[in-house]
Amino acid sequence: MKILCLIRQVPDAEARVKAKNGLVDLEGATLALDGMDEYGVEQALRINTDGANTVAVALGGARFEDAIRRALAMGLERAIHVESSEHLDVVTQAKILAKIVQEEQPDLVFCGGQHADSDSQALGAALAEALNWNQITWTTALEIENSSVKATHDVDDGKEQLELELPLVITTQQGLNEPRYPTLPNIMKAKKKEIRKASLADYGVAGGKVRVVKQEIQDKQRLNKLIDGKDPTAAAEELIKLLHVEAKVI
Amino acid sequence: MFDYFKILENLKPEERDIHTMVREFVDAEIIPQVGDWWDEGTLPRNLTTKMGELGILGPTTPEEYGGSGVSSTAYGLICYELERGDSGIRSTASVQGSLVMYPIYAYGSEEQKKKYLPELAAGRMVGCFGLTESDGGSDPGAMRTRATKDGTDYVLNGSKMWITNSPIADIAVVWAKDDDGIIRGFIVPTDTRGFSAPKIKNKMSLRASVTGEIVLEDVRVPASSLLPGSKGLKSPLGCLTQARYGIAWGALGALESVLSTTLEYTKSRTTFGKPIAGRQLVQHKLVTMATQHSLGLMMAYHLGQNKDAGTMNYAQVSMAKRNNVRVALEGARMARELHGGNGITTEYPIIRHMLNLETVDTYEGTHDIHTLIVGRDLTGLNALE
Ligand SMILES: Cc1cc2nc3c(=O)[nH]c(=O)nc-3n(C[C@H](O)[C@H](O)[C@H](O)COP(=O)(O)OP(=O)(O)OC[C@H]3O[C@@H](n4cnc5c(N)ncnc54)[C@H](O)[C@@H]3O)c2cc1C
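Residue numbers (our numbering), protein chains in the order written: chain G, 1 to 250; chain U, 1 to 385.
DSSO-like mimics (lysine-lysine), calculated; alpha carbons at most 27 angstroms apart, straight line:
1. U:50 to G:192
2. U:115 to G:189
3. G:99 to G:192
4. U:274 to G:225
5. U:12 to G:191
6. G:191 to U:50
7. U:267 to G:220
8. U:12 to G:197
Hints were generated in silico from the structure; no laboratory data involved.
Next up, chain G with everything else stripped away, as it sits in the complex (with noise of 0.2 angstroms):
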C-alpha cells in the first residue's frame, strides 16, 4: 500500500512566538513537527513497517526541512517539498496537494487532525474535497484489510465506527497512537534519504486566495478566582460547576 503523510512544521509547545510589525515573527522560535502530524507518521509506519512507499510531504518555507527530516528519520522512505513562504489559504494548499497525490496514486493520505499553531481542522477535508475522495476525521483507531478499512473517530458525544473503501484521506487525532521517538541510527539514514523540491509554479499556483492583515498575541489575564476551602464538599462542587460552565474545560 503506497501511504501519503502532510507534515507542516509548527512553533513547538514551548516556543516563546513574538509579534512583529503586526504578524507573528517565528525568527528564533523553536518549530517542530505538528505532534498531530506525527501520529499520521507512525501510523503509516505501523502499515508499512519497513517505510516502504511511504512519502512525507510538506508545503511551507525552508524551515519545514526539519520537520522533513524528523519524518524521515522516524521512517517515511521520501519527501516532497513544495518550498514557498507564502500565507497560503487552505484550498490553495488542497489544489496543490491534490496535485501530488494525482502524481504519486497513494492509496491514503495521512493528514493533522487539527493545526498546532492555526487551530485549522479544514486541511483533509479540503484535500478530500479537492481529490473527491472519502475522509474519516479525528480518527483514534485504524484497522486495514485488503481495501477495507475500519475507523473510530470522535464525535461530540463519543465515538462512532466507520467502514470505508480506499483510497482515503484520515486525518488523525490524539490516542490514534504513540509516535516514536526517531533513533540515532534512523536520523543518521534520513541524510541520505531523498528529498524532492518544487515549486508553486510547478503546480501552476502564483499565491493564495487570503492576505493576512494583521496578527497579535493574546494575553491571556489569569481569572484569579479563589474558592474557600472550608467545605471541601462545597469547595469541590464549586470547582466542578467552574471548570465545567465557565472555564468550559470538563
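Place chain U with the ligand on chain G using the hints.
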C-alpha cells in the same frame, strides 16, 4: 536548551536532530520518574535497553559494530541531555560508551569487537569498568590487582572499589598488572567463578545509579579475554579522556536543570510583596549561573570541534571537566540556597543534582587532580606525582 549564545545554530542538522530526540526522551521518560528512582536508590534495568534501542549508547562507534558513527559533538549533546535528567543516568551511558565500548573498540581484537560491541550498543548487555581500588583512586598506577599467567590462561586476584554498575553488569573491563608489572585490560564475564560484586550501600549521591565493588578471587579467564592492544596506564587513561569529555558536556545539563528550575521558582516566590527574582542579590546568583553555563558550553563546543578534528589534547579535557563540573556544583548550591527550605527536599530536582555533582566532581579525576594535570601542562613542572 538554555543556549544564551546560540551555540546550537552552529551544529549540523543531524546533530540538532539527535539533540532534539534525546531532549524529548529525557523530558518524557526520565524527568517525571527520576526523583523516585533516586529516592529508592535504584535505576530500572530496562532504561539501559531503551537507551540502546534509541542508539545513544556508544553512539560514536562505527556502524559495523552496532554504533552510528556520530560526531563527538552529538555524543556531548547526548551526555548533556541525559545529565539534565540525572548525573546517574549519564554515568550509565558514559560507562557503557566511553569506559566499556571504547576500550573494546580501541584495544580489543576483531573477535572481541564483533562479540561485545553490538550487544553493548543495544543495551542488551551492561558493562562496567574496574580501575579504582580502595586506597588512592587518584593514583591508579599503584593498583594491586594482579593477572598471573597460568598456562594459556590468566588468573586475576584483587579488588576494585566504587565501580558504577558492577552489581548489575554482564561483563567487566578489569585493569590488572601482569607478571611484568604492566597494566592490561581484561574482559571478564561477571558470572565467571570467583567474581563477585557487592553493592555499596548508603550513598547520598548518585543514587539513581548502582555502585559496587569488584572482588576477584582466583578468577580464571582464557587469554582471549585480554584486550590485546592494552599496555600500560595510558590505556585506561585513554578511556578516561573519552568519559571526561562527555562529563564536560553533561555537567552543564545538570546546571541547566537547576538554573531553569530556579528562574521559574524565584519569579513566582514572593517576599515583602515582590518576587525574589526582582532582588539584586538573587539576580546576581542567577546571572552567575547563566554566565558560567554559557562559558562552559562554549568550552565544551570547542572541545567537540577539536575532538572531531583530531586536535584535542588531554589537558584541554581536564580543564573542561574540572571547570564545568565545579561551576555546575556551585550553581546547584546557589540554586539550593535560592529555593530556601524547598531546596532540601527531592520534591524539587535541586538537592538531587547538587548531591550528584559531588560525585561528578570527584570521579573521573578529582577537581584537584585535574588542577595538577593542567598545572603540569602549563608549567612543565610536576606537582601531581
Ligand atoms: C559514585 C562513584 C562512582 C564511581 N565509578 C567508578 C567506576 O565506574 N570505575 C572506576 O574505576 N572508578 C569509579 N569511581 C572512583 C573514582 O574515580 C574515585 O573515587 C576518584 O578517582 C578518587 O579516588 P578516591 O576516592 O580513592 O580518592 P583519593 O584518591 O584518595 O583522593 C582523596 C583526596 O585527596 C586528593 N588528592 C589525591 N592525590 C593528590 C595529590 N597528589 N595532590 C593533591 N591532592 C591529592 C584528591 O583530590 C581528593 O580530594 C567512582 C566513584 C564514585 C564516588
